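Trainee: These protein sequences, in sequence, are chains U and E.
Read in the numbering used here, the first sequence has 111 at position 111, and its numbers run on one by one without any break.
Read in the numbering used here, the second sequence has 29 at position 29, and its numbers run on one by one without any break.
You may find that some hints are simply not true.
As the list claims (entries may be wrong) - Okay, derived cross-link-like pairs now, DSSO-like style, lysine-lysine, Cα gap no bigger than 30 Å in a straight line:
1) E/K85 <-> U/K323
2) U/K324 <-> E/K177
3) U/K72 <-> U/K209
4) E/K181 <-> U/K324
5) E/K181 <-> U/K323
6) E/K85 <-> U/K324
7) E/K164 <-> U/K324
8) E/K254 <-> U/K323
9) E/K177 <-> U/K323
10) E/K164 <-> U/K323
11) E/K254 <-> U/K324
12) U/K324 <-> E/K170
13) U/K275 <-> U/K157
By construction, these hints were calculated from the structure, which means they are not laboratory data.
Keep in mind that this is a model prediction, so the values were computed, not measured.
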Amino acid sequence: MKTNRRDFLKLAALGAAGAGTAGALTAEAEASSAPAEFGPDVMAKFYDSTKCIGCQSCVVACYNTNFRDRAKYVDEYLPPEEQNFIEKEDLLPKLAPQDEFTPDKPWLNVVTNDYRFRTVIQKYVDENGKPHFIKHNCMHCKKPGCVSACPVSALQKDPVSGIVTYDAGRCVGCRYCQMACPFNIPKFEWSRAVPKIVKCDMCWSTLGKNGVPTETACAKVCPASAVVYGKRSDHLAEAKKRIAENPGKYYNDSVLGETIYGGTDEIYLAAVDYKKLGFPTDKIADYSYAEKSEGLQHTLYKWGIAPIALYTALAIVGYRNNKKHHSDEGEDK
Amino acid sequence: MSHEKEYAVHRAPIFTPTFFVVLLIVLIGFAIIAYRYWMGVGAVSNLSDGWPWGIWLAYDVAVGSAIACGGYVLAITVYIMNKFKYHPMIRSAVLASMFGYALAGFSVIVDIGRYWNAYGFFVPSRWQPNSVMFEVALCIMAYTLILVIEFLPSVFERLGELDKWPKLAKFSRAVYKALDKVLIFIIALGVTLPTMHQSSLGSLYIVMGYKLNALWQTMFLPLLFLGNAVLMGFSIVAFETVLSARQLKRPFEKEIVSLSRVIPYVVAFWIIVRFISVTVSGAWGEAFSMSWLSLYFWLEIILIAIAGYIIFATEYGKSQSGLFLSAMLLLIGGGMYRFGVYIVGFDPGPEWLAYFPSISEFMITVSLIALEVLGYMVLVKLVPVLPNMSAHGAKTK
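Could you put the whole structure together from the sequences, leaning on the hints where they help?
Mentor: Here is the structure:
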């Protein structure tokens with residue numbers, strides 16, 4: 001073999017640099033994975049289930065703002081696939097016969113978030129026949145699984161307001177965010193040739209014009225003040241105050257969103273077990289799984305040392321073996 | 001050098017009846033893929049918001065790329081473990097790996113919704129190094145390129161033999177020589193990259209937390225996936241060797257028997273780590289609950305354990321059919337493990353209907369596999385890939 005020592009070193013260094021790049025990049029992001037505390041200006045919605053009358057005004061307001069009239073709120077040019085074309089069946093949710101409006105059941109048959117509805121109100125009837133309502137939408141977690149999962153930074157958490165935003169112009173549609181969300185919130189437009197991910201962004205892209213909004217569509221229309229929008233710290237204090245003033249009224253005297261999944265920017269109060277209202281509180285831990293997964297990645301790829309070391313070792317061993325093999329062969333002949 | 005004698009073009013007609021049957025399957029699948037691009041992913045698949053990942057990722061990417069680890073495992077054996085007697089097998093393994101990874105890449109393009117944005121993986125401002133998916137995507141793309149480079153020598157070797165175009169032949173011989181010099185550094189990268197992304201294919205599921213059943217959810221996922229990849233890489237080499245001996249009526253390459261001696265040790269290591277992971281997750285209760293999931297879990301382990309036992313302890317395991325059987329068991333057991341993580345053990349919650357792939361989804365996967373088979377069938381007849389038996393038998397004494 002003609003390759004001399006210097007060539008070898010050069011090539012090995014080149015390869016090592018290549019192998020290490022991905023690892024180094026991973027390590028670079030280490031700072032962002034540390035569990036930070038909630039900032040002072042983190043915005044949140046506060047939903048008190050005991051105040052909710054189940055009118056679903058918030059659902060309709062959200063639908064109008066973020067789906068039907070979306071183009072009206074978004075100033076700059078939107079590529080056609082960003083504008084929501086109104087398909088006939090999209091205008092009104094389809095009602096099954098048993099779900100039609102009746103005086104006893106004035107109920108919109110929207111059982112779960114889909115790509116039209118970023119928020120829904122669900123009804124739960126307890127053992128005594130008493131109805132309880134619950135609002136489901138993005139929880140804007142402190143350490144969101146979706147943001148950690150997204151490979152192209154389409155989902156991002158605003159560092160000031162904590163709002164988890166979505167940029168369709170970057171999204172590749174891999175749906176890892178859906179897999180990673182412990183609350184199963186992000187929705188995908190399955191029936192479209194140009195689909196996107198849809199989830200609550202606290203009206204960041206519509207009312208906020210890609211900034212922190214001063215109000216959200218749902219909170220603005222709520223007639224019972226069951227859902228309000230504002231600073232998370234204020235909401236949390238208010239929730240604790242309500243619990244203190246009405247001992248026993250709220251389930252377990254606990255606030256949902258204070259610690260679940262490391263804490264969320266949505267604050268919930270309810271009279272019944274959150275599990276019955278559709279939150280898998282028994283399964284979700286008090287930390288974000290994203291921290292675990294990022295912690296592991298950063299250990300394995302810290303500064304790209306492991307991949308570079310592995311490559312260098314492999315290159316040296318392989319080079320020696322190869323050279324030896326070739327010289328052995330030469331002697332045979 | 002010795003390479004010219006080491007490999008041979010498989011002399012047989014290309015357009016056989018099998019060729020046209022496989023081609024038909026490919027065409028049907030591509031019609032469905034065209035429909036998917038027109039009507040959206042939901043029109044052809046049973047995927048839902050609760051089950052956003054289906055067999056395209058579970059089979060084509062997770063299992064497919066593990067099956068495509070033959071090139072990885074042989075590169076370790078030959079160049080790193082210094083077992084050059086296996087060198088004649090490396091080209092066919094690299095070719096199969098190349099197609100395996102191409103299949104994975106192809107189905108990802110079918111699977112992702114906003115494929116026109118995929119260039120974002122190369123835009124630094126969009127990089128998200130915290131994402132396991134980011135690492136997997138870049139690594140797999142890089143490795144596919146490496147596999148192509150690893151395969152190029154056989155193409156240039158063939159072009160170098162062409163008398164019709166002397167200039168091209170001369171050029172090809174020059175490229176072949178230059179490539180031969182640097183190839184070992186490419187190969188080292190071709191070992192580093194799969195080590196990274198095969199483990200990360202497991203790490204992908206750590207962020208899903210409770211959605212993956214405790215029997216599979218563990219911080220050992222990367223190690224288990226890496227061990228699984230080595231296992232499946234070994235067995236696919238054994239599998240392909242026996243199959244090509246039978247189908248192409250070539251003599252049985254006995255190297256594979258001695259190569260397979262490593263398998264029991266990898267099996268033992270893998271099962272030990274698997275048991276440790278179940279212990280750490282505190283999932284033994286679940287494992288003995290006799291639920292469908294626990295039965296699946298045991299079947300997966302038993303298949304792998306039996307294969308390890310056959311090779312380790314029986315004479316039968318050293319025969320052609322015994323080796324074939326254990327390779328099959330390992331492929332099924334190992335594939336089951338990956339399916340266990342990607343689909344079977346995954347549960348987003350009670351409000352979602354369990355996922356089962358639709359016929360169109362199946363057909364797309366089948367057609368992509370058919371495309372892979374087609375490419376392999378054609379290429380071994382065009383360029384020197386398979387071991388040259390006449391020269392090779394005498395050399396490895």
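Trainee: For each hint, tell me whether it holds in the structure or not.
Mentor: Evaluated hints:
| no. | hint | result |
| --- | --- | --- |
| 1 | E/K85 <-> U/K323 | holds (15 Å) |
| 2 | U/K324 <-> E/K177 | holds (18 Å) |
| 3 | U/K72 <-> U/K209 | holds (11 Å) |
| 4 | E/K181 <-> U/K324 | holds (14 Å) |
| 5 | E/K181 <-> U/K323 | holds (10 Å) |
| 6 | E/K85 <-> U/K324 | holds (13 Å) |
| 7 | E/K164 <-> U/K324 | violated (36 Å) |
| 8 | E/K254 <-> U/K323 | holds (26 Å) |
| 9 | E/K177 <-> U/K323 | holds (15 Å) |
| 10 | E/K164 <-> U/K323 | violated (34 Å) |
| 11 | E/K254 <-> U/K324 | holds (24 Å) |
| 12 | U/K324 <-> E/K170 | holds (28 Å) |
| 13 | U/K275 <-> U/K157 | holds (27 Å) |
Of the numbered hints listed earlier, those contradicted by the structure are 7 and 10.
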